[in-house]
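Protein chains in written order, with the working numbering: chain S, 6 to 295; chain C, 16 to 199.
Be aware that one or more of the hints could be misleading.
Said to hold, decoys possible - Residues of chain C clear of chain S, computed beta-carbon distances all greater than 12 Å: (1) Arg-20; (2) Leu-43; (3) Pro-57; (4) Asp-65; (5) Gly-73; (6) Asp-80; (7) Arg-101; (8) Arg-102; (9) Arg-106; (10) Ala-142; (11) Asp-149.
To be verified - Label pairs and their computed distance ranges (CB to CB): (12) Ala-195(C) - Asp-29(S): 19 to 27 Å; (13) Phe-77(C) - Ala-64(S): 48 to 56 Å; (14) Phe-81(S) - Asp-26(C): 34 to 42 Å; (15) Arg-30(S) - Met-180(C): 18 to 26 Å; (16) Gly-75(C) - Leu-53(S): 26 to 34 Å; (17) Gly-79(C) - Glu-52(S): 27 to 35 Å; (18) Val-97(C) - Gly-40(S): 39 to 47 Å; (19) Ala-60(S) - Asp-194(C): 43 to 51 Å; (20) Met-180(C) - Ala-64(S): 41 to 49 Å; (21) Gly-176(C) - Asp-37(S): 26 to 34 Å; (22) Arg-72(C) - Gly-40(S): 48 to 56 Å.
Source of the hints: derived by calculation from the structure; they are not laboratory data.
Even for Gly, the Cβ is constructed at its ideal location relative to N, Cα and C.
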Amino acid sequence: MDRTDQWLPPEDLLDDARAVAGEDRAALALVDDLGALRAALAVSTDELTARRHLAAMRAAGPVTTGPRRRHRRSAFTRRHVRTAAASLVTAATLLGGVGVAAANSALPAPLEHAVAGVAGAVGVHLPSASTSHRRNGGATHHPLPPAAGRGTGSPGAGPSGQGGSPSATTGGEPGGPAPQPGDGSASPRLTTPTSAPVAATPTGPSAPGASGSAPGHANRPSTTPADGGAPPGQSKQPGPPANPGNGGTPPGQTTKTTTPGHTGAAPGHANADASPNAGPHGNGAGNGRR
Amino acid sequence: MAIRRFVEVIDAARRGDERAYETLYRALAPAVRGYARGHGSPDPDDVVGDVFVAVVRGIGRFDGDEAAFRAWLFTIAHHRLVDERRRRARRGEDAVDPAALARTTAHTAPDVIATSDPIVSDRLHRAVASLTDDQRDVVLLRIVADLSVATVAKMLGKEEGAVKMLQRRALAALARELDAQKVA
Numbered sequence: 006m007d008r009t010d011q012w013l014p015p016e017d018l019l020d021d022a023r024a025v026a027g028e029d030r031a032a033l034a035l036v037d038d039l040g041a042l043r044a045a046l047a048v049s050t051d052e053l054t055a056r057r058h059l060a061a062m063r064a065a066g067p068v069t070t071g072p073r074r075r076h077r078r079s080a081f082t083r084r085h086v087r088t089a090a091a092s093l094v095t096a097a098t099l100l101g102g103v104g105v106a107a108a109n110s111a112l113p114a115p116l117e118h119a120v121a122g123v124a125g126a127v128g129v130h131l132p133s134a135s136t137s138h139r140r141n142g143g144a145t146h147h148p149l150p151p152a153a154g155r156g157t158g159s160p161g162a163g164p165s166g167q168g169g170s171p172s173a174t175t176g177g178e179p180g181g182p183a184p185q186p187g188d189g190s191a192s193p194r195l196t197t198p199t200s201a202p203v204a205a206t207p208t209g210p211s212a213p214g215a216s217g218s219a220p221g222h223a224n225r226p227s228t229t230p231a232d233g234g235a236p237p238g239q240s241k242q243p244g245p246p247a248n249p250g251n252g253g254t255p256p257g258q259t260t261k262t263t264t265p266g267h268t269g270a271a272p273g274h275a276n277a278d279a280s281p282n283a284g285p286h287g288n289g290a291g292n293g294r295r
Numbered sequence: 016m017a018i019r020r021f022v023e024v025i026d027a028a029r030r031g032d033e034r035a036y037e038t039l040y041r042a043l044a045p046a047v048r049g050y051a052r053g054h055g056s057p058d059p060d061d062v063v064g065d066v067f068v069a070v071v072r073g074i075g076r077f078d079g080d081e082a083a084f085r086a087w088l089f090t091i092a093h094h095r096l097v098d099e100r101r102r103r104a105r106r107g108e109d110a111v112d113p114a115a116l117a118r119t120t121a122h123t124a125p126d127v128i129a130t131s132d133p134i135v136s137d138r139l140h141r142a143v144a145s146l147t148d149d150q151r152d153v154v155l156l157r158i159v160a161d162l163s164v165a166t167v168a169k170m171l172g173k174e175e176g177a178v179k180m181l182q183r184r185a186l187a188a189l190a191r192e193l194d195a196q197k198v199a
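Model the full assembly from the supplied sequences, consistent with the hints where possible.
Set out below in structure tokens:
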């Protein structure tokens, strides 16, 4: 029990008590009664009630005392957050799927290029581009214009002598069976129609480096113009990596070369395969389809 | 009851510190309860709870020393009791006889039984009940709440002289009542 502290009546109250009681003894008795009244009234509540009151005070107080109240977002906000999260996940999944599909060359070429362009714009290099190039005979990013490539591979093209379809790489094994003279290694199907007349024009040593040939291969004059290339089994000096499809492919092997994965000769080996009688489309690198 | 390091306690209470709440409550709740009991409130504990909840809600706006805090606290209690008195008047209820309330409380509250003589309490409560409302306000605010004449005058909206007059008349009435009880 908490009685109030010892009460000391204020002076003005003592003066009033003396004035009322008339004598000090009666005044002191009155003051004692007032003290008793105070003591009788001002008593503490029981502990249970006090705890209930303190709990009510805590509930009414500010929220700075601890994590009693945790701010929660409204239902409206929570719904929007969920919607935004679902949209983000969907968009990320879609973009990732498209990217993976493009990387696997599972998309149509235009769409694949579009994806590659978008990815390149954001600094992501998709391997789909190179895959696509190989599939397309590397024509997309070929440094030379298509017309330049067409002039190569003339029948019996001496210096270059690099027949081959745009993707013909496997053919022309050194020491292999010599192709028929004038038989371009490239299959006619793979050449553009416009290349035929141009290819018919023989290019001799005076015109070394038939355009369209790979660097390091085409401009090397052949010692035997008729052969137009190194003898079988004697490859030319390997130069820088040849463009895919630079190798002279014997007839009969060119049809397979259109398959992606078989395109492109190994760098520096292309001309080794060039048969002396490289066909009219010998250097048609990259022109097979386009 | 003085509050040690009052300024720090008030600052902590403004920040929502629960210990500060308890310090203020333990120091001042008995006086508030006594004030409510002296006014014949049927549920003085309810008054105490309401007053301290109101204090917590408004303590951010309070600025002053301990005397000012006591004045503010008992102003809240006074308004609460005035509202209660008006409600009872509208409903045609009579105020609880302080003497009867004292007897009831003495029989139900262990702390009162342990500390107060029921006979003395009954006599004192009856004496307080004989006062007018204004006289009772002044006496209780001076004796139970320990407020100065100036503070009581400001709180009740009266002049200090009027408060002193009410106080003197109240003491005279109490003396007469107590003498009459002794004679009886």
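Tested hints:
The beta carbon of Arg-20(C) sits about 17 Å from the closest Cβ of chain S, which is more than 12 Å, so the claim that it is off the interface holds. With a closest Cβ-Cβ approach of about 10 Å to chain S, Leu-43(C) is found to fall inside the 12 Å limit, against its non-interface label. Separation of Pro-57(C) from chain S is adequate, the least Cβ-Cβ distance of about 15 Å exceeding the 12 Å criterion. A beta-carbon of chain S is positioned within 12 Å of the beta-carbon of Asp-65(C); the least distance is around 9 Å.
Not every beta carbon of chain S lies more than 12 Å from that of Gly-73(C), the smallest distance being close to 10 Å; the non-interface claim is violated. Listed as outside the interface, Asp-80(C) is consistent with that label: its C-beta sits roughly 18 Å from the nearest C-beta of chain S, beyond the 12 Å cut-off. The beta carbon of Arg-101(C) sits about 22 Å from the closest Cβ of chain S, which is more than 12 Å, so the claim that it is off the interface holds. Against chain S, the non-interface label of Arg-102(C) holds: every CB pair exceeds 12 Å, the least being about 21 Å.
The Cβ of Arg-106(C) sits about 25 Å from the closest Cβ of chain S, beyond the 12 Å cut-off, so the non-interface label holds. At roughly 8 Å from the closest C-beta of chain S, the C-beta of Ala-142(C) falls inside 12 Å, breaking its exclusion from the interface. With a least beta-carbon separation of about 16 Å from chain S, Asp-149(C) lies farther than 12 Å from that chain, consistent with its non-interface assignment. The given range of 19 to 27 Å is respected by Ala-195(C) and Asp-29(S), whose C-beta atoms sit roughly 21 Å from each other.
Between Phe-77(C) and Ala-64(S) the Cβ separation comes to about 19 Å, which falls outside the hinted range of 48 to 56 Å. About 38 Å separates the C-beta atoms of Phe-81(S) and Asp-26(C), a value consistent with the hinted range of 34 to 42 Å. A hinted range of 18 to 26 Å holds for the C-beta pair Arg-30(S) and Met-180(C), which are about 25 Å apart. Between Gly-75(C) and Leu-53(S) the CB atoms are about 29 Å apart, so this pair conforms to the stated range of 26 to 34 Å.
At about 30 Å, the beta-carbon gap between Gly-79(C) and Glu-52(S) stays in the expected band of 27 to 35 Å. The given range of 39 to 47 Å is broken by Val-97(C) and Gly-40(S), whose C-beta atoms sit roughly 27 Å from each other. Checked against the given bound of 43 to 51 Å, the beta carbons of Ala-60(S) and Asp-194(C), roughly 46 Å apart, stay inside it. Separation of Met-180(C) from Ala-64(S) is about 43 Å and conforms to the stated range, judged on CB atoms against 41 to 49 Å.
Taking 26 to 34 Å as the suggested C-beta distance range, the pair Gly-176(C) and Asp-37(S) conforms, at roughly 27 Å. For Arg-72(C) and Gly-40(S), the Cβ-Cβ distance of about 34 Å falls outside the hinted range of 48 to 56 Å, so the restraint is violated.
Hint compliance for this structure: hints 2, 4, 5, 10, 13, 18 and 22 are broken, all remaining hints hold.
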